[in-house]
Amino acid sequence: MSLNFKVLRRYREIVNILVKYGFQDILADAGVSLRARVLEAFLSEQTVQHIHEQTKWERMRLAVEELGTAYIKFAQILSNRPDVIPVELVEEFEKLQSHVPPFPGEVARQIIEEETGHKIHTVFSHFDAKPFASASIAQVHKATLKSGEEVILKVRRPDIIETIELDIRIMKFMAGKLAERHILEQLDPVGIVKAFETAIYKELNLMHEGYNLQRFAQNFRNSEIVMVPKYYSAYTTKKLLTMEYIDGVHPYDNKGIERIGDDPHMLAKNGIYSLFQQIFEHGFFHADPHPGNLFAMPDNKICFIDFGMMGTVLKSDVEFFADIVYGVTARDSASLIWGLKNIAVSQQFEGSRTFEYEVEELISDYHALPADQVDMAELFTRLLDFVNKYNIHMPADYFLLSKSLITIEGVGRRLDPKLNIIDELTPHIKKTLGQAFTPAQLMKNLFEASKDLPTLLTNLPRDLREILGKLKRGETKVTIEHEGLNDLTHKIDLASNRIAGGFIIGCILMASAILIAVKFPPLYLHISIPGGIGFVLANILGLRMLLTIFKNKKY
Numbered sequence: 001m002s003l004n005f006k007v008l009r010r011y012r013e014i015v016n017i018l019v020k021y022g023f024q025d026i027l028a029d030a031g032v033s034l035r036a037r038v039l040e041a042f043l044s045e046q047t048v049q050h051i052h053e054q055t056k057w058e059r060m061r062l063a064v065e066e067l068g069t070a071y072i073k074f075a076q077i078l079s080n081r082p083d084v085i086p087v088e089l090v091e092e093f094e095k096l097q098s099h100v101p102p103f104p105g106e107v108a109r110q111i112i113e114e115e116t117g118h119k120i121h122t123v124f125s126h127f128d129a130k131p132f133a134s135a136s137i138a139q140v141h142k143a144t145l146k147s148g149e150e151v152i153l154k155v156r157r158p159d160i161i162e163t164i165e166l167d168i169r170i171m172k173f174m175a176g177k178l179a180e181r182h183i184l185e186q187l188d189p190v191g192i193v194k195a196f197e198t199a200i201y202k203e204l205n206l207m208h209e210g211y212n213l214q215r216f217a218q219n220f221r222n223s224e225i226v227m228v229p230k231y232y233s234a235y236t237t238k239k240l241l242t243m244e245y246i247d248g249v250h251p252y253d254n255k256g257i258e259r260i261g262d263d264p265h266m267l268a269k270n271g272i273y274s275l276f277q278q279i280f281e282h283g284f285f286h287a288d289p290h291p292g293n294l295f296a297m298p299d300n301k302i303c304f305i306d307f308g309m310m311g312t313v314l315k316s317d318v319e320f321f322a323d324i325v326y327g328v329t330a331r332d333s334a335s336l337i338w339g340l341k342n343i344a345v346s347q348q349f350e351g352s353r354t355f356e357y358e359v360e361e362l363i364s365d366y367h368a369l370p371a372d373q374v375d376m377a378e379l380f381t382r383l384l385d386f387v388n389k390y391n392i393h394m395p396a397d398y399f400l401l402s403k404s405l406i407t408i409e410g411v412g413r414r415l416d417p418k419l420n421i422i423d424e425l426t427p428h429i430k431k432t433l434g435q436a437f438t439p440a441q442l443m444k445n446l447f448e449a450s451k452d453l454p455t456l457l458t459n460l461p462r463d464l465r466e467i468l469g470k471l472k473r474g475e476t477k478v479t480i481e482h483e484g485l486n487d488l489t490h491k492i493d494l495a496s497n498r499i500a501g502g503f504i505i506g507c508i509l510m511a512s513a514i515l516i517a518v519k520f521p522p523l524y525l526h527i528s529i530p531g532g533i534g535f536v537l538a539n540i541l542g543l544r545m546l547l548t549i550f551k552n553k554k555y
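Per the working numbering, the sequence shown runs over residues 1 to 555.
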């Protein structure tokens, strides 16, 4: 089967699913309105009623689930960017489930043997062909090495690369169509698809998860509260990941926690503390610490698993993030604003004066609350509202960081409802902010800044001479960038096209009327056939133009 045919068949499947869930407007924006209207006419009354019973956001989630792996992963990545999509859609995308049946154990065995270069019985004394976990990209099997160590084998699906490649080609096509029509320009659909392509191919390479696991283990090599699974690099490839099997207790299993002698309060404290360590000390953190990726271990230890999604935060950004949290806890609006402005990609805030007043109001609300009643989820949601309202562009990992804190807080409060997260956070904030102003750090910053000084002093006379020379010769150019001009140009082009179209339709009507009046042959029932065809054509074109105008509400 040719690749082009596969793309067309998959393209048709996507169109059918979008129409099924009532998203003809998306298809129209991407230039597929005709097929969408035809399919819509054949929808059953039950399907139409089902569409109207659910919200737009629920229908989006259901459509994504039916579209499959690539779109589920795309939506899950978007759910980490509440600055890009509405909060209601974020909440729906967080519910996404991948309904993918496991592939046969014999296929997994074949992949393992191909990747290790050995027959499975020569490497493992036992291999469980029945997977105990299955997801959209890989499935997991238990095995025992010849040394007696129990391991898990994460095996990538055999057909996943081809499926992902097809869907990315279609995503790029549709994003390009949206860009051509100047639709969703502020979201940069082409850029989002490119970023997704990079992220998904990284996740498909299981060696990348192995590198994350190694780095995480190195960071916690001397920890007394965090346990990290052992990584077996000799049996890890792009398609296979081998790590230690962890026989832990789910953090919400109260009886299990009691059985291993753990204290829920200490488990909650250790879980929160370990994530703060990852953020403030290591700058490398687990981006998805939900209960399914955590185990309670004896001695109140926490074990993290699944290192496919990790976040990185720069040391300077850690300090600015500390300023944000310190600003709330210490009722210091200047610190909070300073932190937000410096961590932002763009420091040009819209309505900054009003922004400062609203920040002061937020701080007042939280300062009045006892520390154990501060809700991190609500706090970050309100900060996110500011980010969106004042058009503040934040780094992508800022949202991963916020989501991780909110998730781990939820787990901690489930273990210990009286958990005081501010008390746990404060020592890290003070330590981070204090380190920024130690003599050693100040000297280091001064030394780094001074590295460029010799180059600056060497080039300064020549640069000044070049600038003065250009000024004297009148070669200096001033570039003016008019914001919103592209949109205006697009509207002028649209209006020009409609005027030209109307003019052409009018000319066809006039020519047809003349042909009919002079009875230009050939004739049918004494009416000029070319004149009649001209009338029909002019009416079709005119009706299509009217439908387009009314559909886009440009009247």
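Hints are supplied without guarantee of correctness; some may be wrong.
Each pair of labels, with its calculated beta carbon distance range [as the list claims (entries may be wrong)]: (1) D159 with K95: 36 to 44 Å; (2) P417 with R9: 34 to 42 Å; (3) A234 with I260: 41 to 49 Å; (4) N222 with L8: 29 to 37 Å; (5) S134 with K172: 23 to 31 Å; (6) R9 with A199: 42 to 50 Å; (7) N222 with E361: 52 to 60 Å; (8) G501 with I533: 52 to 60 Å; (9) D159 with K194: 22 to 30 Å; (10) R12 with I514: 55 to 63 Å.
Just so you know, these hints were derived from the structure itself, not from any lab.
Note that CB positions come from ideal geometry on N, CA and C, so glycine has one too.
Going down the list of hints, with the structure as the test:
| no. | hint | result |
| --- | --- | --- |
| 1 | D159 with K95: 36 to 44 Å | 26 Å, violated |
| 2 | P417 with R9: 34 to 42 Å | 53 Å, violated |
| 3 | A234 with I260: 41 to 49 Å | 31 Å, violated |
| 4 | N222 with L8: 29 to 37 Å | 57 Å, violated |
| 5 | S134 with K172: 23 to 31 Å | 29 Å, holds |
| 6 | R9 with A199: 42 to 50 Å | 26 Å, violated |
| 7 | N222 with E361: 52 to 60 Å | 44 Å, violated |
| 8 | G501 with I533: 52 to 60 Å | 19 Å, violated |
| 9 | D159 with K194: 22 to 30 Å | 24 Å, holds |
| 10 | R12 with I514: 55 to 63 Å | 45 Å, violated |
Of the hints listed earlier, those the structure fails to meet are numbers 1, 2, 3, 4, 6, 7, 8, 10, in rising order.
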